[in-house]
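Chains as they are written, first to last, in this note's numbering: chain A, 1 to 243; chain B, 1 to 243; chain C, 1 to 243; chain D, 1 to 243.
Check the hints yourself; a few may be wrong.
One copy or two, either will do: identical chains are not told apart, so a pair holds if it fits within one copy or between any two.
Derived pair list, reagent style DMTMM-like, types lysine to aspartate or glutamate, alpha-carbon separation capped at 20 Å [stated by the list, open to error]:
#  : residue 1 : residue 2
1  : K238      : D122
2  : K104      : E82
3  : K107      : E75
4  : K148      : D241
5  : K107      : E82
6  : K124      : E235
7  : K148      : E21
8  : K238      : E120
9  : K107      : D78
10 : K124      : D239
11 : K107      : D157
12 : K148      : D239
13 : K107      : D90
14 : K240      : E145
15 : K104      : D78
16 : K15       : E49
17 : K238      : E145
18 : K43       : E56
19 : K104      : D74
20 : K104      : E56
Because the hints were derived from the structure by calculation, they are not lab data.
4 protein chains.
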Amino acid sequence: MINVTVWNENRHEQKNPVVREIYPNGIHGVIAQFLMEDGLEVKTATLDEAEHGLTEEVLEATDVLIWWGHLAHDEVTDTVVERVKQRVLDGMGLIVLHSGHFSKIFKTLMGTSCDLKWREADEKERIWVVDPSHPIVEGIGEYIELDKEEMYGEHFDIPTPNELIMVSWFEGGEVFRSGCTYSRGNGKVFYFRPGHETYPTYHQPDVQRVITNAVHWARPAGRQRPVYGNAQPLEVIKDKDNH
Amino acid sequence: MINVTVWNENRHEQKNPVVREIYPNGIHGVIAQFLMEDGLEVKTATLDEAEHGLTEEVLEATDVLIWWGHLAHDEVTDTVVERVKQRVLDGMGLIVLHSGHFSKIFKTLMGTSCDLKWREADEKERIWVVDPSHPIVEGIGEYIELDKEEMYGEHFDIPTPNELIMVSWFEGGEVFRSGCTYSRGNGKVFYFRPGHETYPTYHQPDVQRVITNAVHWARPAGRQRPVYGNAQPLEVIKDKDNH
Amino acid sequence: MINVTVWNENRHEQKNPVVREIYPNGIHGVIAQFLMEDGLEVKTATLDEAEHGLTEEVLEATDVLIWWGHLAHDEVTDTVVERVKQRVLDGMGLIVLHSGHFSKIFKTLMGTSCDLKWREADEKERIWVVDPSHPIVEGIGEYIELDKEEMYGEHFDIPTPNELIMVSWFEGGEVFRSGCTYSRGNGKVFYFRPGHETYPTYHQPDVQRVITNAVHWARPAGRQRPVYGNAQPLEVIKDKDNH
Amino acid sequence: MINVTVWNENRHEQKNPVVREIYPNGIHGVIAQFLMEDGLEVKTATLDEAEHGLTEEVLEATDVLIWWGHLAHDEVTDTVVERVKQRVLDGMGLIVLHSGHFSKIFKTLMGTSCDLKWREADEKERIWVVDPSHPIVEGIGEYIELDKEEMYGEHFDIPTPNELIMVSWFEGGEVFRSGCTYSRGNGKVFYFRPGHETYPTYHQPDVQRVITNAVHWARPAGRQRPVYGNAQPLEVIKDKDNH
Numbered sequence: 001m002i003n004v005t006v007w008n009e010n011r012h013e014q015k016n017p018v019v020r021e022i023y024p025n026g027i028h029g030v031i032a033q034f035l036m037e038d039g040l041e042v043k044t045a046t047l048d049e050a051e052h053g054l055t056e057e058v059l060e061a062t063d064v065l066i067w068w069g070h071l072a073h074d075e076v077t078d079t080v081v082e083r084v085k086q087r088v089l090d091g092m093g094l095i096v097l098h099s100g101h102f103s104k105i106f107k108t109l110m111g112t113s114c115d116l117k118w119r120e121a122d123e124k125e126r127i128w129v130v131d132p133s134h135p136i137v138e139g140i141g142e143y144i145e146l147d148k149e150e151m152y153g154e155h156f157d158i159p160t161p162n163e164l165i166m167v168s169w170f171e172g173g174e175v176f177r178s179g180c181t182y183s184r185g186n187g188k189v190f191y192f193r194p195g196h197e198t199y200p201t202y203h204q205p206d207v208q209r210v211i212t213n214a215v216h217w218a219r220p221a222g223r224q225r226p227v228y229g230n231a232q233p234l235e236v237i238k239d240k241d242n243h
Numbered sequence: 001m002i003n004v005t006v007w008n009e010n011r012h013e014q015k016n017p018v019v020r021e022i023y024p025n026g027i028h029g030v031i032a033q034f035l036m037e038d039g040l041e042v043k044t045a046t047l048d049e050a051e052h053g054l055t056e057e058v059l060e061a062t063d064v065l066i067w068w069g070h071l072a073h074d075e076v077t078d079t080v081v082e083r084v085k086q087r088v089l090d091g092m093g094l095i096v097l098h099s100g101h102f103s104k105i106f107k108t109l110m111g112t113s114c115d116l117k118w119r120e121a122d123e124k125e126r127i128w129v130v131d132p133s134h135p136i137v138e139g140i141g142e143y144i145e146l147d148k149e150e151m152y153g154e155h156f157d158i159p160t161p162n163e164l165i166m167v168s169w170f171e172g173g174e175v176f177r178s179g180c181t182y183s184r185g186n187g188k189v190f191y192f193r194p195g196h197e198t199y200p201t202y203h204q205p206d207v208q209r210v211i212t213n214a215v216h217w218a219r220p221a222g223r224q225r226p227v228y229g230n231a232q233p234l235e236v237i238k239d240k241d242n243h
Numbered sequence: 001m002i003n004v005t006v007w008n009e010n011r012h013e014q015k016n017p018v019v020r021e022i023y024p025n026g027i028h029g030v031i032a033q034f035l036m037e038d039g040l041e042v043k044t045a046t047l048d049e050a051e052h053g054l055t056e057e058v059l060e061a062t063d064v065l066i067w068w069g070h071l072a073h074d075e076v077t078d079t080v081v082e083r084v085k086q087r088v089l090d091g092m093g094l095i096v097l098h099s100g101h102f103s104k105i106f107k108t109l110m111g112t113s114c115d116l117k118w119r120e121a122d123e124k125e126r127i128w129v130v131d132p133s134h135p136i137v138e139g140i141g142e143y144i145e146l147d148k149e150e151m152y153g154e155h156f157d158i159p160t161p162n163e164l165i166m167v168s169w170f171e172g173g174e175v176f177r178s179g180c181t182y183s184r185g186n187g188k189v190f191y192f193r194p195g196h197e198t199y200p201t202y203h204q205p206d207v208q209r210v211i212t213n214a215v216h217w218a219r220p221a222g223r224q225r226p227v228y229g230n231a232q233p234l235e236v237i238k239d240k241d242n243h
Numbered sequence: 001m002i003n004v005t006v007w008n009e010n011r012h013e014q015k016n017p018v019v020r021e022i023y024p025n026g027i028h029g030v031i032a033q034f035l036m037e038d039g040l041e042v043k044t045a046t047l048d049e050a051e052h053g054l055t056e057e058v059l060e061a062t063d064v065l066i067w068w069g070h071l072a073h074d075e076v077t078d079t080v081v082e083r084v085k086q087r088v089l090d091g092m093g094l095i096v097l098h099s100g101h102f103s104k105i106f107k108t109l110m111g112t113s114c115d116l117k118w119r120e121a122d123e124k125e126r127i128w129v130v131d132p133s134h135p136i137v138e139g140i141g142e143y144i145e146l147d148k149e150e151m152y153g154e155h156f157d158i159p160t161p162n163e164l165i166m167v168s169w170f171e172g173g174e175v176f177r178s179g180c181t182y183s184r185g186n187g188k189v190f191y192f193r194p195g196h197e198t199y200p201t202y203h204q205p206d207v208q209r210v211i212t213n214a215v216h217w218a219r220p221a222g223r224q225r226p227v228y229g230n231a232q233p234l235e236v237i238k239d240k241d242n243h
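Start from the sequences and build out the full structure, keeping to the hints where you can.
See below:
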């Protein structure tokens, strides 16, 4: 059993009828739906809930957290960001989607600006698989094609990924590292690029499959956490001043 | 369902009563036993069988192959080595144990000499986990301690691992990268250091747990294989001589 | 010409006669000395100077910054930490020594706790080279042996290094990833473990050689920085609603 | 002083007047020319010379070897391939260009098929820099644009690069990992994609700059090679049967 919490800023859906029409139950709603259909245990949380819906209790009960944000990164309190970070270091998986590249939680875990090029021009994106051995692309063909998406272009200012799984081609001439894994402490992190709010990207079966696969990949390894601090020797240390 | 084939050279067991006493059913026997107890579908194969027990049919039906060899690496035919390599590139997982570092299949997949320092001196090995987020160390403590093992020491002439999961400390003063992952084509490879034939290493529960975890990690991703060769364009290419 | 700034907290030297005897001109003094002998242009800066000696002008003129701190990480102002971080992302090399693992600048660039095991027990450390191709170990033998050092042990809570160059063996039974490289934005980062203040570690020729090599490796690549933000297309994007 | 040997198959130049017009002194000729202008010590060698111009003496005196081949990979003798491989493991840098992806030496060092998609269609390639900190892209802008090139597309069946420095966008819809580094033993390897024989790619200043930078990056680290085989203990090993 994997417990997933889908977190969404949920602001575009309130303000923009185009977004509301595509995602009547919110971006979190459609993501929660396809994850539940995979048999996962799924809850949702949004920015405007108390503590953004991410209390200690909620995080403690979460194996994998999915994050979508864009307009209101600054409204996420530092307290909650620090809480999520500690939970990731403790083992919780984190899947950061699209404009979440600029979220406080992603930037603090990466240590870089996470900046990039972008453009909204109804252009084609073709996401190529470059690591065919990876479980995150199970069931995915050579590429995922999205007829209209926002462009994100290199240089993407992230640390070198542990694993680079997908690279996007954009009609306007750019490329982008679109599927990247990291480990942070006991936790695993996956960044997945597509998902601009005005396109039906999260209704696309291959996009759903990647996110579902990533949840399985990101579940915590069941083990005791490492011990830090002052440590007694495990072997006898010679007295160097008397031999 | 994961189909595992445990391959063993099975020569020490024939020649050396010390080894036979520790592994009366062969090293492959004990490995097959604990993998079956995990619910995996397990077969064994050994050097002296026809085609070393690794026919096209056997490999085609194998999701993960485990490899133990030492005395007779040169007796493994190039035909079988090439067959195993193609099957790994096609997606089969490969787990190489201990002295398998010098097997033809490991060397050809690595592209390096795979050489190292070694010593048989009944010394203590302590295998430290350095990537606590990895599924291969699920259920494992901060380290695995083996009271007596053969020493393998750096420099270990392997390509940089995709993931370095464990590092060994040896009583005689050396260190070693003991748990290393690679991807090769569609397949995953894991090298795990311990397992000298004159010690009961494969009876150790933590060692068994690592190998069992590695089988689950190394199973093939279910997807179509990439297409290579001449490719038609997916987009219109401009005629550059007329614009 | 490479301009190096050696930054030292310089507190142990004020408080502890043992440290002062080993480093009469401070840890920064001895490091600056051997770097100057290599022909580098070297300045020093310490915590108690105005802005810790790390003004915008100083950092702008610094190609590679070396960092030693321990007692007073919290006294480094967030303003200076952010300034150093931006300069690293802009291309400045950063070499973090020993107890600098817990400095604000290292933790913010890593995104993890950077915690570890430690022990002061006059024990032997043997630092093994595991990447013999790397320029940082030019001129270094198979290992560097330090008769007495503080122990740092795994798990070291850092992101997976871009390159793991050295691994330490400790007499008391632990191992440690002692030489680790990272890239962050346009800048390169190197963490090097040894250097407890009560031992003459920075007088050791091999330790000096590694730090000197690392300065050369970490110098900024001379190029324009990437451009971020809204980007015009480089190719014509089709009007999808009319074809 | 860095000694470079530029190896070229030199067959297209003999057979195809289009290629001969672009490269009247051969592809090796133009590469040798711009490397010499950088102050490097450069020699050339070609397939039809005795031992392909790669005798023990030549390789022993070579710090960095550049490799261009296409039509006649199979004519390179296994003896010479093995000799080059041993010299790379011993420390010599190797830069493999374009269709060299299918050379025996590259395939044996990689351990994979090195296969890819390809197309000759006079299409545009734009090579994006994804690691701006790397010395190989010193002096290079955000991308290199080539008006007409052969397309190489993913999946490129290589091991995960140690460092991924450049990714290509192609007009026809594909992407490709175009600048990849590896270490093999004591040696460094760089694969660089562009350079189809019917285009003037190696006359392009940015392409020349990348190859020149790569030569500097790939020079051998000056140090003793590691020692392998049976090793005496560096520390006293306890007699476990009597304590």
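Worksheet item: For the identical chains here, do K104 and D78 meet the 20 Å Cα criterion within one copy, between copies, both, or neither?
Response: Cα proximity of K104 and D78: in one copy and across copies (8 Å, 17 Å).
Item to complete: If the cutoff is 20 Å on CA atoms, where do K148 and D239 land: within, between, both or neither? Let me know, please.
Response: between (70 Å within a copy, 10 Å between copies)
Discussion item. With identical chains, the pair K238 and E120 could be close in the same copy or across copies; at 20 Å between alpha carbons, which is it: within, between, both, or neither?
Written reply: between (67 Å within a copy, 13 Å between copies)
Practice prompt. First find the shortest C-alpha distance between K107 and E75 inside one copy, then the shortest across copies, and answer within, between, both or neither for a cut-off of 20 Å.
Written response: within (15 Å within a copy, 24 Å between copies)
Item to complete: Go through the copies and call it for K107 and D157: within, between, both or neither, with a Cα cutoff of 20 Å.
Response: Both, since 10 Å and 18 Å are each at most 20 Å.
Discussion item. For K15 and E49, with the copy left unspecified, which applies at a CA distance of at most 20 Å: within, between, both, or neither?
Written reply: For K15 and E49, only the intra-copy Cα distance (17 Å) is at most 20 Å; the inter-copy one is 51 Å.
Fill in: Homo-oligomer pair classification [E21, K148; C-alpha up to 20 Å]
within (17 Å within a copy, 44 Å between copies)
Item to complete: Check K107 against D78 for me: Cα-Cα at most 20 Å, and say if that holds within a copy, between copies, both or neither.
Response: This pair counts as both: shortest intra-copy Cα distance 12 Å, inter-copy 17 Å.
Discussion item. At most 20 Å between alpha carbons: which applies to K238 and D122, within, between, both or neither?
Written reply: between (70 Å within a copy, 9 Å between copies)
Discussion item. Checking an output row: K104 and E82, CA cutoff 20 Å. Within, between, both or neither?
Written reply: both (9 Å within a copy, 15 Å between copies)
Worksheet item: Is it within, between, both, or neither for K124 and E235, if the alpha carbons may be no more than 20 Å apart?
Response: The answer is between: 10 Å across copies meets 20 Å, while 61 Å in one copy does not.
Practice prompt. Could you figure out if K148 and D241 sit no more than 20 Å apart (CA to CA) within one copy, between two copies, both or neither?
Written response: between (73 Å within a copy, 11 Å between copies)
In this structure, every one of the numbered hints holds.
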